[in-house]
Amino acid sequence: MTIRLGGIIAGLAITAVLVLWSLLPGAYNYAFGPAPEKQPSYAFYEHGHGPEGGFAFDGVFGKWDVAQLQRGYQVYKEVCKSCHSLKYVAFRDLQQLGYTEAEVQAEAASWTIPFKDPTTGETAEAPGKPTDYFPPVYYAGQGVPPDLSLITKARHDGPNYVYDLMLGYGEPDPAKAAKVGFEVPDGLYFNKHFPNVNIAMPAPLSDGQVTYADGAPNTTKDMAKDVAAFLTWTAEPKLVERRQTGWFVLGFLLFATSLAFLSYKQIWAGLKPKKK
Amino acid sequence: MSFAWAKQYEPQSAFTKWIDEKLPLPRLVYNAVGAGYPVPRNLNYMWNFGVLAGFFLVVQIVTGVVLAMHYAANGLVAFATVEHIMRDVNYGWMLRYAHANGASFFFIVIYMHIFRGFFYSSYKAPREMIWLLGVVIFLLMMATAFMGYVLPWGQMSFWGAQVITGLFGAIPLVGEPIQVWILGGYAPDNAALNRFFSLHFLLPFVIAGVVILHIWALHIPGSSNPTGVEVKQESDTVPFHPYYTAKDGFGLGVVLILFAAMVFFLPNALGHPDNYIEANPLSTPAHIVPEWYFWPFYAILRAFTGDLTIPFTGIVLVPAKLLGVIAMFGSILLWFILPWLDKSPVRSGHYRPLFRKFFWFGLIPTMAVLFYCGGAPAEEPYVVLSQVATAYYFLHFLVVLPIISQIEVPKPLPFSITEAVLGKDKTAEAPRAGSVDGGDTGTAPEGSLQPAE
Chain A
1 MTIRLGGIIA GLAITAVLVL WSLLPGAYNY AFGPAPEKQP SYAFYEHGHG
51 PEGGFAFDGV FGKWDVAQLQ RGYQVYKEVC KSCHSLKYVA FRDLQQLGYT
101 EAEVQAEAAS WTIPFKDPTT GETAEAPGKP TDYFPPVYYA GQGVPPDLSL
151 ITKARHDGPN YVYDLMLGYG EPDPAKAAKV GFEVPDGLYF NKHFPNVNIA
201 MPAPLSDGQV TYADGAPNTT KDMAKDVAAF LTWTAEPKLV ERRQTGWFVL
251 GFLLFATSLA FLSYKQIWAG LKPKKK
Chain B
1001 MSFAWAKQYE PQSAFTKWID EKLPLPRLVY NAVGAGYPVP RNLNYMWNFG
1051 VLAGFFLVVQ IVTGVVLAMH YAANGLVAFA TVEHIMRDVN YGWMLRYAHA
1101 NGASFFFIVI YMHIFRGFFY SSYKAPREMI WLLGVVIFLL MMATAFMGYV
1151 LPWGQMSFWG AQVITGLFGA IPLVGEPIQV WILGGYAPDN AALNRFFSLH
1201 FLLPFVIAGV VILHIWALHI PGSSNPTGVE VKQESDTVPF HPYYTAKDGF
1251 GLGVVLILFA AMVFFLPNAL GHPDNYIEAN PLSTPAHIVP EWYFWPFYAI
1301 LRAFTGDLTI PFTGIVLVPA KLLGVIAMFG SILLWFILPW LDKSPVRSGH
1351 YRPLFRKFFW FGLIPTMAVL FYCGGAPAEE PYVVLSQVAT AYYFLHFLVV
1401 LPIISQIEVP KPLPFSITEA VLGKDKTAEA PRAGSVDGGD TGTAPEGSLQ
1451 PAE
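Those protein sequence lines, which keep their order, are chains A and B.
Per our numbering, the very first residue in the first sequence carries number 1; after that it's consecutive.
Per our numbering, the very first residue in the second sequence carries number 1001; after that it's consecutive.
Nothing false has been slipped in among the hints.
Below, simulated DSS-like cross-link-like pairs (lysine-lysine); rule was C-alpha separation at most 30 Å, straight line: (1) B:Lys1426 <-> A:Lys265; (2) A:Lys87 <-> A:Lys63; (3) B:Lys1007 <-> A:Lys265; (4) B:Lys1321 <-> A:Lys38.
If you want the footprint, here are the derived chain B segments under chain A, 3+ residues with CB under 8 Å: (5) 1079-1089; (6) 1247-1255; (7) 1262-1270; (8) 1305-1317; (9) 1334-1344; (10) 1397-1406.
Partial selection, computed: residues in chain B whose CB lies under 8 Å from chain A: (11) Ile1277; (12) Ala1327; (13) Glu1380.
These are computed hints drawn from the structure, not numbers from a lab.
All of these numbers come straight from a predicted model, not from anything done at the bench.
Every residue gets a Cβ at the ideal spot worked out from N, C-alpha and C, and that includes glycine.
Construct the complete structure from the given sequences, taking the supplied hints into account.
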């Protein structure tokens, strides 16, 4: 009885504190107070929808389009690399994109990798080996361009986010901008698919910028899709292997669970109420 | 510790006889989860979740121990070693995704297990100790899960650690020294990461120890059942093996299918993208949210937005943050006195019309609202919603339960589990006539209606 009485008193007390000091002032403010201020930039944000037709790796049966990954790597190498590193990917990993061992060796050797000479302590540079990771990037401008290895997992709906971001550049609608008093700050660029629409990165891609080794079409959209696919691979190189393993595991589990269900029914059969 | 009609372990071969003499471990297993443990015959699928929780504890320990072989708890390399596991360790991606989603599934089955306990009043006498140990396990799980989430050293790891240890900073006078002591510094860093790793490795084994006590305490009165009527006779029970090993096997299969679907096809669906960004003390994420299984309690924490003041004087008695911390911990700690708050002699919610209404139309929607608001940003209308839900949460356990257990008129209970299952129980018509359904145990002495030990 004491515990129940104490409980009732404690319960009423905590509810009273919550309702009188938090809920009522908050609800009053919500109903009659000033509306919370929203940054004018939010009026310009548009949610993107990714490439038409989606990616080759979309869906539970999706597979890598190896030629596309190679093109995406070329876009990274010729465009993104100047500001963005790829530090969790090693050159040896490129063999998964369909390059031969010799090609990977040649590719790695075309990069220079900084290292500290163990005998002198001086910083030196050497041609890359397949075991090396992609080198760090020293960016001269303001801010830190993010490493791209995991970018498609570090954003909601990452592959589509990267694709949309490449294509979201432009100018804000002047009438709308004048109305809410919105201006793109100095040194930033307008991108309607970037969460606060002011992005430090200038539009990286333009039609025909990269001439693909395989001669594939190279509009901005094509390159955006290719590089988004490549960055999906860098973030989750085991994506396709994972799903294939998953189908095998699910098949086994379905079979095993059916057997478990049948033995459950069999064992319990004798206990069911008998009809009289 | 079992009913008088429980089957006895009889070693067959010379070897098992020898083992049974020296160390009767097979006998212990036989009596704990084998044919020697009589269990009510009417358990529904809600009684599967205890075994499933034990299974996921083992999954977490096995995957976790292997992950620990490839992980380094150092702020400089922790994030990179996780990527090393994902990319270079054989099936490392599977281990890590199984461990991350295994934590989620552990919480899913535990929440089902706890809410089974709420609905069927599994916490009532004679099972209070099982319930109390269960709450201890849940608290240990929360601590373990929180520290595990810090280890990948992503943005949410870092800022989650900052926010959660900051809760201790709300304690008056000694709060800040305690927070600094817990973290080993003024902000999460190597010291915090290392001790969290150490404790994250230790606590699962503590949990395993309390689980053993939990099961031990369970075997004193035996399992509860959906009617809430205690076991009276042999026809009320079936041996755990093969009846419930078979049923649990099927339940395990179903849950493993869901688990595999998450691990192999949606491994990051329950995580936060920000945790794939390395921890950066100089950049605060837009919304700091804990893992989904903490959302209801996070909503209770954030529901207290106003300081407790003396009106019109501006004197602050209790700051809002401390109120929130008290309420959040209180919301779980009050489960410790639940067996003494709900005094209704009827256990099962099926026979408690009033209780059932408050359970389905009060507690369950409240938990859903708290869950949703805990994951939402701290803005209206989520704040007001979580305040209403928090108020009901406390009223439900502390006010509604004690009062309805006093005024409620329960529905008539079946005479026995046998009657509930078969619609008929011969012992009920001729009590103690020396014959029970099933026939061959008519000589069971009266004392056998209670557990033998």
